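Given chain V's structure and the hints, the job is docking chain F onto it.
Those protein sequences? They're chains V and F, same order as listed.
Remember, this note's numbering sits 374 above the position in the first sequence when you count from 1.
Remember, this note's numbering sits 10 above the position in the second sequence when you count from 1.
Errors might be hidden in some of the hints.
To be verified - From the structure, some residues in chain V lie toward chain F, with a derived Cβ separation under 10 Å:
| # | residue |
| --- | --- |
| 1 | Trp453 |
| 2 | Arg464 |
| 3 | Met582 |
| 4 | Ser786 |
For the record, the hints were derived by calculation from the structure and aren't laboratory data.
Since this is a predicted model, take the numbers as computed values, not measurements.
Just so you know, even glycine gets a beta-carbon here, dropped at the ideal spot from N, CA and C.
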Amino acid sequence: MGFPADAPSVLEFPLEMFVPGSDLSPLEKNLDQIIFGLTQWKSKIAERTSYAPPPITIEGKDYPAALDNLNLFFLRNLWSDGLPIVPATRERVDWLLTGANLPREKILGTMLPRGGIVTLEQIAVALAMAGGRPEYMPVLIATVAAFLDPAIKHEHLQTTTGNNFPVVIVNGAIAKQIRLNAGTGCCGPDPNHPAGASIGRALRFLQMNVGGAIPGQGTMAEYGANRFTNMVIAENEDALPAGWQSLSEERGFSRASNTVTLHFVASIIDMIPSTTTTEQAAIYTLNRWAAYIGGPFNMYFGFESRWEHGSPGVLLMGALTAQGFANTGFSKDQIRECLWEKSKLAPEKVKEYGYEKHVAELRLDPTMPLPVSKSPKSLLIAIAGGAPSGHAYFMPNQGYTSVTQEIKLPSSATWDDLLKQAAQDLGPLPAS
Amino acid sequence: MPAHSSYQVLSPITESHTQKTRLAPSIPDLAGKTIGAMRHTFRADETFPMIEQLLREKYSNLKFISNTDMPDMRPTNAAEEAELTRVLKDKGCDVLLAGNGA
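Bound conformation, chain V alone (with noise of 0.2 Å):
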């Protein structure tokens, strides 16, 4: 929240003093520190500082000695997710920022609760631990750059009891070229397309050790983020059926832009089946994922920002899916209509889930069927996912809003040189 890292005007007390019915005796052993909070406290900070921690020297026998070493120093500094990491030396620090366009001082702006600046080289450690690669660095930074954007409201998003994770959807060449995938197995792990997992384990990374988001302590996530990775793929721009735009497109990009899509859900709903061969089936199709899209969630209405802003979710359709649609006449935007009517909450079943407040807090009326957004405009759908038509994914919401980012590149001289050296590392492009 910007307070100073010494405001002793922030009081801490254990957690299990907010579950209902537990002791509340720690209020009155610490009211003298409220009631110093509130008269006496004053700032010993005087100026903005950008302090860069030194760098950690970490022995070990031998280099593997080391490296366990190193692990096990980074999880008891809680620097880590539990699984292992890649040391962030200077070396393969140097080496992932070629990937970046802008000088490794650029500070892209504060992540919290914590408050941590993040700067360009700080995304690139992230990147190192995480495992990546230069060419993943232009994705990784139109991500953070996504993420910080205000409209996002991270700082709610970090720290809330709700269990959310970003996904970000990438449209443009780039998806191919680094190899995220779109298709088959697109949401991972993927060892033909390891970008995925890099770059979202990497912005996790940020989330925790720049932006503080650590279970009980940042973050009061009552079941965690549920993804290591968070969720970062590509769109199927080839499978999309003749007029259908792409996501970026939707969201006022060129189809030659790169451009990431961030959007928080709360979790993944696969749907099945999505089948679209013959009207009947595409109708079927429509219904059930109605059903799913309406229900009780409550952070479709929750807080009028996200009633005004935001989204119901995001939905990933498979390429014979879309196509299936297409065939039958249907356009993204009637598949939103549609969905958006049939989603509605009926006027009884708003008073049986105890969503009344909502109907009077965003002022509509509580005779009418309550749709899952202020307009179906607002549901994200991208084509992704194995081409078969049997499943479709639905993520309910949990954002304020989406924010789509253009991707920066490096020189074109650099970047041919990444994608041919990530040609000699990795082996040719997969297929799809």
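What follows is chain F alone, placed relative to chain V:
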């Protein structure tokens, strides 16, 4: 056995952001002052009344504005901060207890 291999790595954390800010003057004590409480989270309906009672036992003429009489705000931009400032001035708050458990 003496160590002879090492990794030197860059730190995964940065120092927390700090910035000089002008604070309101301190008040010597809470007697006769108006304290506002804000946020409804995590047993605030129990913790804030308890704090109010404890403070009343120490200070005379204390005015305590319950969190139920204050907006549930978490300002994150200048406009929201300005709105909170207006509310605090309208209610005559000398100090604010903000946040409870989150």
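*Do the numbers back the hint for Trp453 (chain V), that is, is its least Cβ distance to chain F under 10 Å?*
holds, 5 Å
*Against chain F, run the beta carbon of Met582 (chain V) and see if the smallest gap drops under 10 Å.*
Since the shortest Cβ distance to chain F is 9 Å, the answer is holds.
*Please verify that hint: Ser786 (chain V), Cβ, nearest Cβ of chain F, below 10 Å or not.*
Ser786 (chain V) check fails; min Cβ-Cβ to chain F is 29 Å, beyond 10 Å.
*With 10 Å as the cut and Cβ atoms as the points, is Arg464 (chain V) at the interface with chain F?*
Hint on Arg464 (chain V): holds, closest Cβ of chain F at ~7 Å, below 10 Å.
Comparing the model with each earlier hint shows a violation of hint 4 alone; every other hint is respected.
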